[in-house]
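Enquirer: Protein chains in written order, with this note's numbering: chain B, 4 to 559; chain A, 4 to 540.
No wet-lab data here; the hints were simulated from the structure. C-beta atoms are modelled at their ideal positions from N, C-alpha and C, and glycine is treated no differently. Hints should not be assumed to be uniformly reliable.
[As the list claims (entries may be wrong)] With the Cβ distance kept under 10 angstroms, some of the chain B side facing chain A (calculated, not the full set): (1) ALA162; (2) ALA165; (3) ALA452; (4) GLY552.
[Stated by the list, open to error] Some chain B residues flagged as far from chain A (calculated, every beta-carbon gap over 10 angstroms): (5) ALA88; (6) GLY277; (7) LEU283; (8) ILE461.
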Amino acid sequence: MSRAAAVHSLWTDSSVSAVLADAPRKIPAPHIEYAQLSPVLIVLGAAVVAVLAEAFLPRRSRHLAQVAITVVGLAAAFAAVVALAAKGYATGKAHVAAMGAVAVDGPALFLQGTILLVALVAALGFAERRLDPAAHGRPVDSFAAQGAAVPGGDAEQEAVKAGWTTSEVFPLLLFAVAGMLVFPAADDLLTLFVALEVFSLPLYVLCALARRKRLLSQEAAVKYFLLGAFSSAILLFGVALLYGYAGTVTYSGIADVVNGTVRTVSPALASSTGNDALLLIGGAMVLMGLLFKVGAAPFHMWTPDVYQGAPTPVTGFMAAATKVAAFGALLRLLYVVLPGLRWDWRPVMWGVAILTMLVGAIVAITQTDVKRLLAYSSIAHAGFILAGVIAISPDGVSSVLFYLAAYSFVTLGAFAVVTLVRDAGGEATQLSKWAGLGRRSPLVAAVFAVFLLAFAGIPLTSGFAGKFAVFKAAAASGGAPLVIVGVVSSAIAAFFYVRVIVLMFFNEPRADGPTVAVPSPLTSVAIGVGVVVTLVLGVAPQYFLDLAGDAGVFVR
Amino acid sequence: MSFPLLTATAAVPAAGAVLTAAVPAAKREAAKWLALLFALATLGLAAVQLARFDPDGKTFQLTESHAWIADFGVRYELGVDGIGVVLVALTALLVPFVLLAGWHDAEPLETAAADRRWRPTQGFFALILMVEAMVVISFEATDVFLFYVFFEAMLIPMYFLIGGFGDRTGEPADAGEAAARRSRAAVKFLLYNLAGGLVMLAAVVGLYAVTADQLGAGTFSLQEIVQARSSGDLKFATVTERALFLGFFFAFAVKAPLWPLHTWLPGAMGEATAPVAVLITAVVDKVGTFAMLRFCLQLFPGASKWATPVIIALALVSILYGALLAVAQRDIKRLIAYASISHFGFIILGVFAMTTQGQGGATLYMVNHGISTAALMLVAGFLISRRGSRLIADYGGVQKVAPVLAGTFLIGGLATLSLPGLAPFVSEFLVLVGTFTRYPVAGAIATVGIVLAALYVLVLYQRTMTGPVKESVRGMPDLRARELVVVTPLIALLLFLGVYPKPVTRILDPAVEHTMSQVHKTDPRPDVRVSTAEGAK
Numbered sequence: 004m005s006r007a008a009a010v011h012s013l014w015t016d017s018s019v020s021a022v023l024a025d026a027p028r029k030i031p032a033p034h035i036e037y038a039q040l041s042p043v044l045i046v047l048g049a050a051v052v053a054v055l056a057e058a059f060l061p062r063r064s065r066h067l068a069q070v071a072i073t074v075v076g077l078a079a080a081f082a083a084v085v086a087l088a089a090k091g092y093a094t095g096k097a098h099v100a101a102m103g104a105v106a107v108d109g110p111a112l113f114l115q116g117t118i119l120l121v122a123l124v125a126a127l128g129f130a131e132r133r134l135d136p137a138a139h140g141r142p143v144d145s146f147a148a149q150g151a152a153v154p155g156g157d158a159e160q161e162a163v164k165a166g167w168t169t170s171e172v173f174p175l176l177l178f179a180v181a182g183m184l185v186f187p188a189a190d191d192l193l194t195l196f197v198a199l200e201v202f203s204l205p206l207y208v209l210c211a212l213a214r215r216k217r218l219l220s221q222e223a224a225v226k227y228f229l230l231g232a233f234s235s236a237i238l239l240f241g242v243a244l245l246y247g248y249a250g251t252v253t254y255s256g257i258a259d260v261v262n263g264t265v266r267t268v269s270p271a272l273a274s275s276t277g278n279d280a281l282l283l284i285g286g287a288m289v290l291m292g293l294l295f296k297v298g299a300a301p302f303h304m305w306t307p308d309v310y311q312g313a314p315t316p317v318t319g320f321m322a323a324a325t326k327v328a329a330f331g332a333l334l335r336l337l338y339v340v341l342p343g344l345r346w347d348w349r350p351v352m353w354g355v356a357i358l359t360m361l362v363g364a365i366v367a368i369t370q371t372d373v374k375r376l377l378a379y380s381s382i383a384h385a386g387f388i389l390a391g392v393i394a395i396s397p398d399g400v401s402s403v404l405f406y407l408a409a410y411s412f413v414t415l416g417a418f419a420v421v422t423l424v425r426d427a428g429g430e431a432t433q434l435s436k437w438a439g440l441g442r443r444s445p446l447v448a449a450v451f452a453v454f455l456l457a458f459a460g461i462p463l464t465s466g467f468a469g470k471f472a473v474f475k476a477a478a479a480s481g482g483a484p485l486v487i488v489g490v491v492s493s494a495i496a497a498f499f500y501v502r503v504i505v506l507m508f509f510n511e512p513r514a515d516g517p518t519v520a521v522p523s524p525l526t527s528v529a530i531g532v533g534v535v536v537t538l539v540l541g542v543a544p545q546y547f548l549d550l551a552g553d554a555g556v557f558v559r
Numbered sequence: 004m005s006f007p008l009l010t011a012t013a014a015v016p017a018a019g020a021v022l023t024a025a026v027p028a029a030k031r032e033a034a035k036w037l038a039l040l041f042a043l044a045t046l047g048l049a050a051v052q053l054a055r056f057d058p059d060g061k062t063f064q065l066t067e068s069h070a071w072i073a074d075f076g077v078r079y080e081l082g083v084d085g086i087g088v089v090l091v092a093l094t095a096l097l098v099p100f101v102l103l104a105g106w107h108d109a110e111p112l113e114t115a116a117a118d119r120r121w122r123p124t125q126g127f128f129a130l131i132l133m134v135e136a137m138v139v140i141s142f143e144a145t146d147v148f149l150f151y152v153f154f155e156a157m158l159i160p161m162y163f164l165i166g167g168f169g170d171r172t173g174e175p176a177d178a179g180e181a182a183a184r185r186s187r188a189a190v191k192f193l194l195y196n197l198a199g200g201l202v203m204l205a206a207v208v209g210l211y212a213v214t215a216d217q218l219g220a221g222t223f224s225l226q227e228i229v230q231a232r233s234s235g236d237l238k239f240a241t242v243t244e245r246a247l248f249l250g251f252f253f254a255f256a257v258k259a260p261l262w263p264l265h266t267w268l269p270g271a272m273g274e275a276t277a278p279v280a281v282l283i284t285a286v287v288d289k290v291g292t293f294a295m296l297r298f299c300l301q302l303f304p305g306a307s308k309w310a311t312p313v314i315i316a317l318a319l320v321s322i323l324y325g326a327l328l329a330v331a332q333r334d335i336k337r338l339i340a341y342a343s344i345s346h347f348g349f350i351i352l353g354v355f356a357m358t359t360q361g362q363g364g365a366t367l368y369m370v371n372h373g374i375s376t377a378a379l380m381l382v383a384g385f386l387i388s389r390r391g392s393r394l395i396a397d398y399g400g401v402q403k404v405a406p407v408l409a410g411t412f413l414i415g416g417l418a419t420l421s422l423p424g425l426a427p428f429v430s431e432f433l434v435l436v437g438t439f440t441r442y443p444v445a446g447a448i449a450t451v452g453i454v455l456a457a458l459y460v461l462v463l464y465q466r467t468m469t470g471p472v473k474e475s476v477r478g479m480p481d482l483r484a485r486e487l488v489v490v491t492p493l494i495a496l497l498l499f500l501g502v503y504p505k506p507v508t509r510i511l512d513p514a515v516e517h518t519m520s521q522v523h524k525t526d527p528r529p530d531v532r533v534s535t536a537e538g539a540k
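For reference, chain A alone in the conformation it holds in the complex (with noise of 0.2 angstroms):
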């Protein structure tokens, strides 16, 4: 039996998770570097992942299969394509820095001090190792009631994150008042993300009566429930296939999260500390896109094809609501998360064009925007963390104090608008092609959002970076050593995948044309097919 690489890398992260919690409260620094440890183990796993990984091979590689709930019909069943082993690189990327950037934020108060019992700092370390062990697993899961597991099971320690762990920000009087804020917005974010897990359950229980029905035993093995659906012995009743198909893409587009789902995002991003909400939006939500991707056209292509202008619809006004709002907000945080939801229409949008430069784009695009995101977002979470506000209107002229973070900041604000060069461009131009030759009006309406992300992210930057300096930021210190091997990696990562970003678009379109083949869907027209690489340039 060969070495379970997927298993390890989840089981990493979890062990590490674990381990963390167990140390002690006096070993606060201890207990900071083991996790860094055990997130950079992850790291290395993926690494072995991508390298063993053959993009001209097998669909599933690297599979693990064994037996779990036989009850149910449900297996252990691990393996990776082209999306989930890219993705979960992403999320072994991100961890370290997550970590890194959020080294100083869980320190016990100085009144609770007396209180040894009370370890927030192993707490905080541990959930997100915990988070990031739960979504490698779901990127990794073949088998939908094991994706569904671990996809609900997630919720728990993003919410203690959320709800528990806030920034030190304004005075200590205001500290009960933002408490109650910030766990109003982590029940927000479980209640949202716990309905549509439901309703999603109830398309799981769903799935297993139908196929149980028909091939006789229940299975949630995607390869073979897709192979049994290509074979003719497993077929759907039309409105089986639309109410299994809306159930699974609920639970996704809250996830995802989509027009009109997206309200807790804003809550979750601004009330969380800045690593949390990188951890949010770049990391657990991608789940929500892959899982579309993965398990609802696969699964139900037809119903996917039947839903598609309803979805392209819902995609669109994310881009333009999520955009118009960011343009509205006075809150840095909130306006990143308006942005999100803006770009997260597009990586719908481009999943669902069911085109292969679409869906390629919207693959390469999970990637870039949680690596730009992730710059933007902790860059900002520095700045906050020194002015002790969330508010723009508190900052002004720091490019002057504090240059090297006006710099940073610029940089992942001008990969968050797609400036040419940077690596989500890429993304974002092949999803506006590939929707253009599928949907003209829907491309046309999706490159205001473009327009409109010049416009908050330059209106942010020159509001809080240019003009004079003011009183309140005077003598911020600029970035530390710290804080520059956090974005420094990340902002060299957006340059490189922005000029060449072949190393990963090689990985993903053999799985993106998989999945297009799986929904009998081929381009508009075959005779211009061009491979997605080639359309970047």
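Chain B with its partners taken away, still in its complex shape (with noise of 0.2 angstroms):
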């Protein structure tokens, strides 16, 4: 057997015997490049300074203390990334720090200072205290009084009587921020999984904690989370197969073993290295586990309950930064991972990004509820970026990270819209009663149009460039096909887009419609960044696709 001498011959090479006569010496400190994770670490920080700030500060003064604890940290760990990648470290100086760990490169940069924006921006959703009529003389925002409290029991009524928050979200909010930056940046598998842990952990439990209709948030965090755990149940297994089958975990490793470059085989997994059934079972246990995050169909059942229940701040939040995080790091491992692959996992990605479209586009047609629909829209548009990701080229890359920060402004931008729109139970999110909100708020109504044009896909707004990079990515390496089922499900959406704008402006408003809040400008200042990008991402895209282009290649 040529397999074991080579373990044999391995075992006594003469580096791993150097290595075992210094066994003696103390463990040598692991190289960790600090100022490289800075963007990570300040993230962290902040978190834990927020989390003092709950235990130790008055409640009076705590809103205020964690909404600038937020802001600084997510504005200092975006200038960071900045200056990161002013550095070169998204171009020449790539590489993988962290001892194989985390890669820095321009993927990654870019997936991260895109993910801090959309987080800075949603803060200012969860910041925002004007909308909802003050508690006993006391502002409160979308969240629960107290979030242990049992829903219509006496401490829940309690809580509110003293105008009590849940001001815990800011730091849960940036636990989650922390570890979405490094999932996409994640350059080995056990950095995903504890990634993907440490941001989905604190969603769950954001999304339990609306201060309206709880019972329907804390149904909807309880699906999230046993089928986020059961998600990443499966793909630690897929994780343990594919360490199996390559005897690593680094994806750099396990692509050497894929390309059959490299076989450096440990004798405890003799039998199983190269074993092509653990490669293929494993690499498609953690695509399922990165697809279930993605909201890609089949594994989309979670996201309209759960846009639907959760606190919309929260929605929105996690409907434009989980996507980001989860795409970048779907990119990455089938870019670096797998490309060896590609003929194996191509056809199925092909088949998910179909699947994904058409049912992201025809569902959403018989929704009622502007948050579901919303929730459909987001699967249709998983679906689009599929067809970038598919593509396996630079060009794929960067049409992806491009629609990525299109997508999540409108997105952001689209939820904070809903948040204003409100009747006595809270927000209203029954489609028909937005009926005739053009008669009533014809400024609220425009902007919601604009967003609504730009996930539909309509030119001169970012829905379209984005749209039309992917294609071109798609088309360019042969995915026809794909642009067909994309366009004719663009079509489709266009109707459910539109029937929302139609019951906006031509429709009559209802006698016990809903009606607009006045924002603070923290609200105002989140909807018109969201207008803003889109319009100028629609219309002058150029400079926004460069800088994608610019990070478009993943370090190995």
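Make one complex out of these two single chains by using the hints.
Expert: Pasting the structure below:
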């Protein structure tokens, strides 16, 4: 057996024996490039400070302090990302830091920058306190008075009476962001898994914290948690199988084994190393875990329920940032670890992309709730992005990066508008209640129409530029059928976006219709940023396409 | 750097749209005048374009070229050939009349007056200017992507114009039902055109993939692609070329509209106010036929020839089907809509007959159809606004009560049936001559359309204007000063171009010949080749 011989020779390899000879010495301290990890470290630091603030500051001053810590922390982290990119880590100096655990390269920095900006805008929505009527004289936000109190119970009433709010959402947000920053940069499977858990757990909690409709919110959180835990387990199982296949969890190490360039086989795994069954099953399981987070069909079932139940600012954040992070991780996995296997996974991913586009577009037609509608629309968009992912070309990477940036701001803006339309029961998310909104509040309706048109991919909006970039990449790599399915599902999707516009502008307002709350500058800024980004990326996308193009190369 | 005339012609109405939309609710009248001012300024710029355009000069003139989205191979490239410059002028000419004709079409209802943020008047005028800006830039764009962007984007303001503003007809109780009908028509318009546009998007992406593959860098520049084709650098595989051609043609056929993709038009024109209906059929739909000439024929000459028999057959069906359904209509506006479908059939027939007369006639037809339909539709709108009904049966004997209205309606109608002496005759004749020389049978069938046109126009006139005066039209006021200002110049133009079309054909013909040379088609009998202007006499 040649392999056995190889193992044997490896075991007696001089370098290995050298390491063994050094064994009595202390284990060398890992070499960590702190500066290059600074975005993540800053956000984690801010999260820790926020936890301390939560513990030690009096309740009255917490809100302001938390908002300040969050905004400053995110902005500082963004500055760190920009500084790293300016130093050339996105291009020439791209490398793998922290003992092979985290990549610092173009896609990672681009996505981290996007996530941080998204989080910054989302934090404004978290901090909004003018929309909900004041509870007993104290301004409150969209979050439960006391997360642990039973809905409708005495404890909740007391908490409401005392004017409490859950200011813990800010540290939770920061922890989630930290996880998301690592997720697309993770360069080994364990880091990937840890990052996944770090950003998922705070999101599960955030989903459960809606101030209104708490049961719906808790139900959403439980669903999300159960399905999320399930998908994490599948991913972890896949990681284990891949380790069995390659004997390593680093991306480049697995890629080498896939390509057959290196065979550093450890004796313990000698019987399984290089076993293609492990690779295929393990790879498929890891992909499944990621596709779940992305919300691709057939792993999309959680999306509508969770989007509907979660507090709307959280939904906006989740819809935008999770997607960015998860697609980043998916890209890296497919482009760095599994390119050698593309003939195996590409047909499967074609099927997933086509299914996702069609399911998202078709099921959305029957939705009667704005948040569920946007959830299905996000599924359809995941399908479009997948069409770019499958291209396996630098064009594919940059188009996906651009699409993610464009899409996330449209989503944030759209959900921010949803928080404004209210009736006595809180947000009026029933679509039928939106009838005639254009008559009552032309500006808000017009802004929402801009976001819908961007979702529909009408030219001069960012949605069109993104869609074109993705389709172009897909067509250039032989994905003409994907483009055609994409175009067909865009046409289907246009129908329901148009339906909402019809409802807002051409229908008579209902007498018991909702009113549009006047937000504080926080939400106004969030929506304004959404509109500006949507139009700028639609009319003059070149600068950002360049940015995404420059960032389109993964380090190995 | 010279003054960017083409950009300015599109930017002025766009700026006008933004400013008009920003006028406060109470200053409605000011908003109208502001919009009219910008429309007239656009007309002025279009006139400058015409003056500076040299018919014997280069194919594309007044060109502008700037980097836009390098990643997509897209440049901001403008340029007009003879066809483009004339259609820009037509657009700029018609829009002021559209605005004037719709002067009172978008007053806020008294019931809604309390809501001071609702400003329908400003919206109406701003949207019309926005459509004008987008149409103008589509006529000027020589970059396929740039064209596509505005071809698609113009649907949105158009959609709000159709769905948001309707005739003040019938009882207030019917208002809800009318609004629902209108909104259905608007949605149908949007979905048809959006679907067409998305199919074209797939073809646009495909075009990029082909050029990127063969030229090294993807490009959308019409001139570059045409040049690369003729030099042999760019070769389409037959199947690819046909697929791309179909993608483009589908979108333009929806817009034009060609049978069987026409079904959105009668609804949209019927439910929209008359000025908006004019905007649809006289201006926006022209982009479809224009784009067939400019993009389908020049980018994909081989596939165009391949598809010609089918397209000619569809055009013939359009001519006859539109005319027959027009005869059967009970609603004045829908009748004009079906008549337009018939006329678009003629235009498409002329384009794909691939003869100089045919294409020259088709391009001239685009202009003449714009003017004649505008005249007929706007007068019909004035009539409808007086009685509050679109049904033919509700009228009778109008010529005794309102002779000027009836007279102008008749002239508009006669122009529509292509009476010799009025402008559309020249173009229809040219189209038929051009078709006969290559496809005699098709030419013969198309002639039936003319007979049917006489039928629907004259029957419409007879039922509404002649006969005993109906109770419901008694005391109907004749055309007012504003309405005369709208109608008189249009009728004058119809007469002038009917007798002396040379100023227009002079500009159109070289461009048509250029297009023909791109398709490598010559007239069937080159020895009797006559200039189209002579053929008209």
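Enquirer: Indicate, hint by hint, whether the structure satisfies it.
Expert: Each hint tested on the structure:
Checking ALA162 (chain B) against chain A: minimum C-beta separation of about 38 angstroms lies over 10 angstroms; hint violated. Interface restraint check for ALA165 (chain B): the shortest CB-CB distance to chain A comes to about 38 angstroms, outside 10 angstroms, so the restraint is violated. Interface hint status for ALA452 (chain B): upheld, as the beta-carbon distance to the closest one in chain A is roughly 9 angstroms, under 10 angstroms. The criterion of a C-beta within 10 angstroms of any C-beta in chain A is met by GLY552 (chain B), whose closest approach is roughly 6 angstroms, and the hint holds.
Distance to chain A confirms ALA88 (chain B) as a non-interface residue, since its nearest Cβ pair spans about 19 angstroms, more than 10 angstroms. No Cβ of chain A approaches the Cβ of GLY277 (chain B) within 10 angstroms, the least distance being about 37 angstroms, so the stated non-interface status holds. Every C-beta of chain A lies more than 10 angstroms from that of LEU283 (chain B), the closest at about 31 angstroms, which supports listing it as non-interface. Here ILE461 (chain B) does not stay apart from chain A, with its beta-carbon only about 6 angstroms from theirs, under the 10 angstroms limit.
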